[in-house]
Amino acid sequence: AQSVAQPEDQVNVAEGNPLTVKCTYSVSGNPYLFWYVQYPNRGLQFLLKYITGDNLVKGSYGFEAEFNKSQTSFHLKKPSALVSDSALYFCAVRDRESSASKIIFGSGTRLSIRP
Amino acid sequence: DVKVTQSSRYLVKRTGEKVFLECVQDMDHENMFWYRQDPGLGLRLIYFSYDVKMKEKGDIPEGYSVSREKKERFSLILESASTNQTSMYLCASIGDGSYGYTFGSGTRLTVV
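Chains as they are written, first to last, in our numbering: chain A, 1 to 115; chain B, 1 to 112.
Keep in mind the hints are simulated off the structure, nothing from the lab.
Note that the structure is a prediction, hence the values are computed from the model and not measured.
It is possible that part of the hints are untrue.
Claimed, not checked - Lysine-lysine pairs mimicking BS3-like chemistry, simulated, CA-CA at most 30 Å apart:
1) A:Lys-102 <-> B:Lys-18
2) A:Lys-77 <-> A:Lys-49
3) B:Lys-55 <-> A:Lys-49
4) A:Lys-49 <-> B:Lys-18
From just these sequences and the hints, can you work out the full model?
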């Protein structure tokens, strides 16, 4: 069965500092991996995805994520945080071996950037 | 710009009412999904559909049903609303051959 773990409910970072939001996953086959962001009272917005190729994936708003197969991780990173990055972030996984299109989401990490 | 549209942003219903949540996508996507989002629990899949008139139960289907009569529309039905169904409901769609979902803006349902 597929699962996603986001071990931190909240991450607090000072503006201008680097940030990391952690994610580990479990799938029976090879994964497609995603990060989504949610602003208050809104739906989820796509941030970036790993499909194949380079393990370092770049996405919207200066975010990037690194796929690490041996550690089954897909941590979200940004070199310099902005106050506007404050939001709820979800990691998600889809098993590429499965014919179904279901995506499994983590429980979410609230990112808070202080000025 | 491609869209997934949920008909209501906020909804307040009484216990025992039958509630319809509507979702429409304009991307000709085959697959559509309903999730509910609760603090600390992330997104949990209620039902999904991979074709017109086809539906599959997700992880938490109890108390819900769905309808997909047309490709672009996927409705979530609460047969008899209860207070534990107070939540944020998110609709999403994905086309065959695509990788990630497109989400609607969500409906925050309060059952009193």
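Hints and how they fare:
Note on Lys-102 of chain A and Lys-18 of chain B: the hinted pairing holds, with a Cα-Cα distance of about 27 Å set against a maximum of 30 Å. Restraint check: the Cα-Cα separation between Lys-77 of chain A and Lys-49 of chain A comes to about 13 Å, which is no more than 30 Å; the hinted pair holds. Restraint check for Lys-55 of chain B and Lys-49 of chain A: satisfied, since their Cα atoms lie roughly 27 Å apart, inside the 30 Å limit. Simply put, Lys-49 of chain A and Lys-18 of chain B have alpha-carbon atoms about 38 Å apart, too far for the 30 Å limit, and the pair is violated.
Consistency with the previously given hints fails for number 4 only.
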